[in-house]
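Colleague: Work out the full structure, taking the sequences as your base and the hints as a guide.
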Amino acid sequence: MGHPPLEFSDCYSDSPNFRERLKCYENELEKTNKFLKDVIKDGNSVINTIKEYSLAVQKFSQTLQSFQFDFIGDSLTDDEMNIAESFREFAGLLQDVEEGRMMLVQNSCDLLIKPLEKFRKEQIGVTKERRKKFEKESEKYYSQLDKHVNLSSKKKETQLQEADEQLDKERQTFYESSIEYVYQIQQVQDRKKFDVVEPTRNHFESTREEMEELMKRMKGSAKICMRHGQQATMEGYLYVQEKWALGVTWVKYYCKYFKDNKLFIMEPMEQKTGTKQTTAQLTLKSCVRRKTESTDKRFCFDIETNERRFSPVLLQAISEVNRKQWIEAMDGKEPIYHSPIQKQAEMELNDLGFKFVRKCINFVETKGLTQEGVYRTVGSNIQVQKLLNAFFDPTCPADVDFNSTDMDFKTITSALKFYLRSLNEPLMTYSLHGELLLAAKSENLDYRLGAVHSLVYKLPERNREMLELLIKHLVSVCSHSSENLMTVSNMGVIFGPTLMRAEEETVAAMLNIKFQNIVMEILIEDYNKIFKGPPEETTLPPIPPPRVTPRRRQPITISKRPPRLYPGLQPPVFERREQNGASHNDSEPEGDTSLTSPVPHQRTKLAPPSISPPSIPLSSPTSRKPVNPRPALRPLDSDVGRLEVRGQDGQRSDAMVTTNGESGATVNRAQSFQGSRPQLKGTTGEAQGLKGRSFSEKSSICRPPTRPPDPPSRLLNKTEDTPASYVASKTRFFENASRQMGSSSPNASTAASRDENTK
Numbered sequence: 014m015g016h017p018p019l020e021f022s023d024c025y026s027d028s029p030n031f032r033e034r035l036k037c038y039e040n041e042l043e044k045t046n047k048f049l050k051d052v053i054k055d056g057n058s059v060i061n062t063i064k065e066y067s068l069a070v071q072k073f074s075q076t077l078q079s080f081q082f083d084f085i086g087d088s089l090t091d092d093e094m095n096i097a098e099s100f101r102e103f104a105g106l107l108q109d110v111e112e113g114r115m116m117l118v119q120n121s122c123d124l125l126i127k128p129l130e131k132f133r134k135e136q137i138g139v140t141k142e143r144r145k146k147f148e149k150e151s152e153k154y155y156s157q158l159d160k161h162v163n164l165s166s167k168k169k170e171t172q173l174q175e176a177d178e179q180l181d182k183e184r185q186t187f188y189e190s191s192i193e194y195v196y197q198i199q200q201v202q203d204r205k206k207f208d209v210v211e212p213t214r215n216h217f218e219s220t221r222e223e224m225e226e227l228m229k230r231m232k233g234s235a236k237i238c239m240r241h242g243q244q245a246t247m248e249g250y251l252y253v254q255e256k257w258a259l260g261v262t263w264v265k266y267y268c269k270y271f272k273d274n275k276l277f278i279m280e281p282m283e284q285k286t287g288t289k290q291t292t293a294q295l296t297l298k299s300c301v302r303r304k305t306e307s308t309d310k311r312f313c314f315d316i317e318t319n320e321r322r323f324s325p326v327l328l329q330a331i332s333e334v335n336r337k338q339w340i341e342a343m344d345g346k347e348p349i350y351h352s353p354i355q356k357q358a359e360m361e362l363n364d365l366g367f368k369f370v371r372k373c374i375n376f377v378e379t380k381g382l383t384q385e386g387v388y389r390t391v392g393s394n395i396q397v398q399k400l401l402n403a404f405f406d407p408t409c410p411a412d413v414d415f416n417s418t419d420m421d422f423k424t425i426t427s428a429l430k431f432y433l434r435s436l437n438e439p440l441m442t443y444s445l446h447g448e449l450l451l452a453a454k455s456e457n458l459d460y461r462l463g464a465v466h467s468l469v470y471k472l473p474e475r476n477r478e479m480l481e482l483l484i485k486h487l488v489s490v491c492s493h494s495s496e497n498l499m500t501v502s503n504m505g506v507i508f509g510p511t512l513m514r515a516e517e518e519t520v521a522a523m524l525n526i527k528f529q530n531i532v533m534e535i536l537i538e539d540y541n542k543i544f545k546g547p548p549e550e551t552t553l554p555p556i557p558p559p560r561v562t563p564r565r566r567q568p569i570t571i572s573k574r575p576p577r578l579y580p581g582l583q584p585p586v587f588e589r590r591e592q593n594g595a596s597h598n599d600s601e602p603e604g605d606t607s608l609t610s611p612v613p614h615q616r617t618k619l620a621p622p623s624i625s626p627p628s629i630p631l632s633s634p635t636s637r638k639p640v641n642p643r644p645a646l647r648p649l650d651s652d653v654g655r656l657e658v659r660g661q662d663g664q665r666s667d668a669m670v671t672t673n674g675e676s677g678a679t680v681n682r683a684q685s686f687q688g689s690r691p692q693l694k695g696t697t698g699e700a701q702g703l704k705g706r707s708f709s710e711k712s713s714i715c716r717p718p719t720r721p722p723d724p725p726s727r728l729l730n731k732t733e734d735t736p737a738s739y740v741a742s743k744t745r746f747f748e749n750a751s752r753q754m755g756s757s758s759p760n761a762s763t764a765a766s767r768d769e770n771t772k
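Reading the sequence shown from the start, the letters are residues 14 to 772 in my numbering.
In short, the hints are calculated from the structure, not lab data. Take these hints with a grain of salt, some might be off.
[To be verified] 20 Å max Cα-Cα, derived EDC-like pairs, lysine to aspartate or glutamate: (1) Lys527 / Glu517; (2) Lys160 / Asp181; (3) Lys131 / Glu41.
Modeller: This is the structure:
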């Protein structure tokens with residue numbers, strides 16, 4: 014279960030829910046830090062042990078290298094020279110093995126231990142420092158806020174203005190530290206996947222840059238930005254006056270107001286000893302601003318509720334601006350102030366827009382289908398604006414010649430994308446944005462296609478006509494991908510955010526960009542099916558149930574991308590994956606990939622062996638058949654095993670080892686480590702029979718495939734479905750086995766009686 018993204022706008026409300034989500038991120042970061050610390054400690058321990066072992070082996074190799082016979086006579090015999098030469102060859106082999114081992118240890122230090130230590134120091138350490146700063150600024154701000162709301166309204170105006178300015182500075186400092194901490198703690202969660210595991214960081218870097226740009230815009234906001242929740246009309250901290258037997262106190266609450274049903278919820282933030290405070294839910298009747306002369310407090314307003322008819326609730330906001338926001342949300346009597354909003358120029362989906370799109374498409378299909386990087390390369394922004402202004406000029410619209418010499422190909426493609434991005438509403442509309450993302454997130458590929466097909470025909474007529482015109486053009490561009498290098502995946506990355514942009518620019522919207530790309534891939538790959546006509550059924554198929562186990566082989570995108578070949582895997586592994594239906598979608602992202610993990614040390618001293626090791630045949634998954642359980646006939650199996658061992662020993666005794674094409678003396682070599690494994694306790698005769706087989710025969714044995722569990726109906730009728738011929742044949746089998754062994758086996762008799770009962 015993943016953590017929900019932390020929005021920068023939540024830093025301004027600083028709600029209890031936001032604090033809880035932040036706590037989840039902090040706990041996850043602490044677990045990661047502890048895990049990395051243990052990995053580094055254990056890895057260093059293993060590396061040091063390997064180094065000590067390698068030094069001991071190298072010392073032993075030097076001892077063998079300097080071995081020399083003290084011979085009797087004039088010279089060494091042939092046997093003595095062969096023995097000494099064998100020692101030297103074995104010493105050289107040990108030396109080469111240890112050199113490779115030390116190279117592996119060095120690579121482990123450079124590629125695993127050092128990156129982990131760097132990540133803990135530069136990322137987790139920086140995040141902890143940001144956390145300390147955030148907690149310090151949080152405590153300082155709320156302490157200042159408590160003092161500020163307790164100021165008397167009867168103080169001099171200059172003193173109150175000075176206090177307001179001081180609180181605004183503290184508030185802005187607190188908001189900036191909160192935003193920086195949210196950015197850092199959310200970034201380190203994504204960075205650990207790329208700094209430690211993934212070899213490329215292009216996708217992470219692009220997302221990080223967008224989040225950093227959004228953070229700067231949020232920090233640059235000078236006003237108090239209280240976020241209106243997706244459901245709550247207004248939420249934030251308020252101080253509520255409560256009357257007790259010994260006097261009046263002000264208690265801090267986190268309040269939410271829902272305008273649809275006029276529900277006002279107050280969640281206490283200061284738990285007093287000896288009292289049990291619970292969340293209060295009130296129904297609002299009216300809201301009135303409290304007069305300054307009637308109370309000693311500032312920023313106060315009254316609300317009347319159905320639950321407290323005779324005692325209105327007196328509330329105090331944290332500032333004058335905040336009080337206006339609450340009164341405006343509750344339709345109170347306080348005047349509503351609107352700040353002027355400068356509306357940007359927006360394109361319209363009219364006949365002139367259709368003419369512009371068709372003209373751009375015709376130009377691209379005529380002159381640029383085979384041009385490398387079409388729609389990926391960007392033209393000059395000045396030239397794009399010049400083209401759009403000339404084409405959409407009210408005095409002489411569409412009076413532009415695309416074939417003029419000063420018109421660049423990249424300018425036309427960039428102008429087309431700019432026009433689609435500048436529509437007052439995206440081509441796929443805001444209303445269908447969530448449903449399209451939900452369809453793209455489904456694991457069921459058929460459901461994806463059916464849902465997108467149905468949602469396309471929910472678009473307005475002009476939107477669907479423009480979408481069909483554009484997708485048909487993109488299909489034509491992708492058909493020349495071998496020349497222009499623009500695949501379906503690349504087109505999804507370019508036109509996904511262009512045709513499907515979120516209504517609000519949030520972190521969650523950035524994380525959903527990849528699913529927008531998937532929708533575009535579905536539209537391009539299944540163009541003929543989607544746009545040939547509306548779906549047969551008017552309603553969408555039911556949403557598949559959420560998966561219980563994590564995805565293993567199911568791709569998150571349906572692009573037919575070529576699989577990435579990893580050098581460490583053998584071809585049989587890919588064959589099994591292809592038979593299981595898995596596909597590789599790891600297309601290399603665009604951009605510079607030089608910022609990858611350090612290059613491991615390459616060993617060039619040793620040459621490849623002249624004789625390749627014997628390959629291990631793997632049994633084909635399609636040839637596996639379920640194996641029925643065998644009875645425990647240990648004596649018979651062991652006899653067969655001993656016969657096989659004797660036959661193979663006789664064959665090995667006749668074999669002669671030759672060197673350089675000449676026959677020589679028989680050499681008795683030690684058994685390989687694959688065949689010298691110790692026998693486990695309780696090994697059956699069947700396993701003893703396997704001991705005498707060759708290595709390739711052992712490897713060809715495969716376990717039967719796991720049988721899927723029977724459905725409940727099958728389990729209930731399993732006794733009735735058992736064939737009588739099967740029971741009879743099994744009974745005869747146990748009787749013959751018992752007769753051969755010379756005694757009646759209790760297991761066989763028990764199994765036979767059980768089969769009779771089953772019958």
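Colleague: Next step is simple, just say for each hint if it's right about the structure.
Modeller: Structure-based check of all given hints:
1. Restraint check for Lys527 and Glu517: the C-alpha separation of about 17 Å stays at or below 20 Å, so the hint holds.
2. In summary, the hint linking Lys160 to Asp181 is supported, as the alpha carbons are separated by about 13 Å, within the 20 Å threshold.
3. Of the pairs offered as hints, the one joining Lys131 and Glu41 holds, with about 19 Å between alpha carbons and a cut-off of 20 Å not exceeded.
Consistency note: the structure conflicts with none of the earlier hints.
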